[in-house]
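Please build the complete structure, drawing on both the sequences and the hints.
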Amino acid sequence: MKYTLILQAAPENRSLHLSAIKFARALVESGHTIIRLFFYCDAVRCANSNTVPPQDESSVEQQWRSFQHEYHVEAVVCIAAALQRGILDQQEADRYQKPGVTLFDSFQLAGLGQLAEACHQSDRVVSF
Amino acid sequence: MTVWSASRMAIASYILFVFRSAPYGNLRAREGLDALLATSVFELPIKVLFSGDGVFQLQENQAPANTKSIEKSLKALPMYDIDDIYIHQDALAARQLDKLCTSIRGSLIDNQAVATLMRNATHILSF
Numbered sequence: 001m002k003y004t005l006i007l008q009a010a011p012e013n014r015s016l017h018l019s020a021i022k023f024a025r026a027l028v029e030s031g032h033t034i035i036r037l038f039f040y041c042d043a044v045r046c047a048n049s050n051t052v053p054p055q056d057e058s059s060v061e062q063q064w065r066s067f068q069h070e071y072h073v074e075a076v077v078c079i080a081a082a083l084q085r086g087i088l089d090q091q092e093a094d095r096y097q098k099p100g101v102t103l104f105d106s107f108q109l110a111g112l113g114q115l116a117e118a119c120h121q122s123d124r125v126v127s128f
Numbered sequence: 129m130t131v132w133s134a135s136r137m138a139i140a141s142y143i144l145f146v147f148r149s150a151p152y153g154n155l156r157a158r159e160g161l162d163a164l165l166a167t168s169v170f171e172l173p174i175k176v177l178f179s180g181d182g183v184f185q186l187q188e189n190q191a192p193a194n195t196k197s198i199e200k201s202l203k204a205l206p207m208y209d210i211d212d213i214y215i216h217q218d219a220l221a222a223r224q225l226d227k228l229c230t231s232i233r234g235s236l237i238d239n240q241a242v243a244t245l246m247r248n249a250t251h252i253l254s255f
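Sequence order for the protein chains is W and U.
No gaps in the numbering here: position 114 of the first sequence is 114 in this note's numbering, and each next residue is one more.
Every position in the second sequence, counted from 1, becomes a number in this note's numbering once 128 is added.
Be careful, since some hints might not be right.
Listed below are several chain W residues computed to face chain U (Cβ distance under 7 Å; list not exhaustive) [unchecked claim]: (1) Cys41; (2) Gly113; (3) Ala116; (4) Cys119; (5) Val125; (6) Val126.
These are calculated hints, taken from the structure and not from any lab test.
We put the beta carbon where it would ideally sit given N, CA and C, even for glycine.
Printed below as a string of structure tokens:
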């Protein structure tokens with residue numbers, strides 16, 4: 001089956017995101033397809049490349065990045081929500097003349113149309 | 129406003145947006161609305177349910193300082209052909225908003241109708 005996962009919760013909600021990653025992993029290992037991971041609302045901050053977690057903790061951001069890398073799942077971050085929260089790629093940083101690039105380079109900024117399209121193509125949409 | 133029973137819910141494929149967040153304390157309500165409008169462009173059937181604290185979005189005469197009024201945006205939904213709007217009656221009662229004055233047109237539904245609305249949805253997006 002084809003799935004879209006929508007992440008909405010802030011990355012500080014560690015247990016929720018770790019559950020989401022476990023679920024995503026189980027989906028792929030069971031032979032399902034994840035059409036897209038869509039990061040929206042506060043979850044856009046999961047794409048932040050600049051976080052420094054406490055030494056004895058792994059970061060939610062890094063764990064999503066590792067998952068995305070390992071399984072080559074498309075990770076889209078809503079551009080409007082991201083800009084508002086300071087998550088910018090090089091293009092947006094240049095456009096708005098901001099000092100930092102804060103988006104993981106394997107994540108893409110895109111509009112809400114990508115969310116709608118993914119839902120349209122999916123058998124199941126699961127939100128976290 | 130009429131109360132709809134479960135049996136009157138049409139069974140067809142649609143995406144259900146559930147708005148359960150109060151406006152202005154965070155961006156949830158606004159971003160939920162943005163997602164709704166973006167999806168409406170795709171010509172998929174859409175239904176909207178206001179439940180939980182989301183019923184606060186319906187209050188009339190909102191005048192938030194420093195940001196756009198969500199009431200104003202909700203009033204424009206029919207312009208996007210979003211007419212299937214439902215309001216969870218129990219959510220109003222729990223917040224003592226039974227006499228809710230709202231300029232947003234929606235059908236009041238009971239718990240059973242909410243369950244049916246959710247059960248028949250192809251996808252549910254909740255904000």
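request  = Please flag the earlier hints that this structure goes against, numbers listed from lowest up.
outcome  = Hint check: 6 fails alone, others pass.
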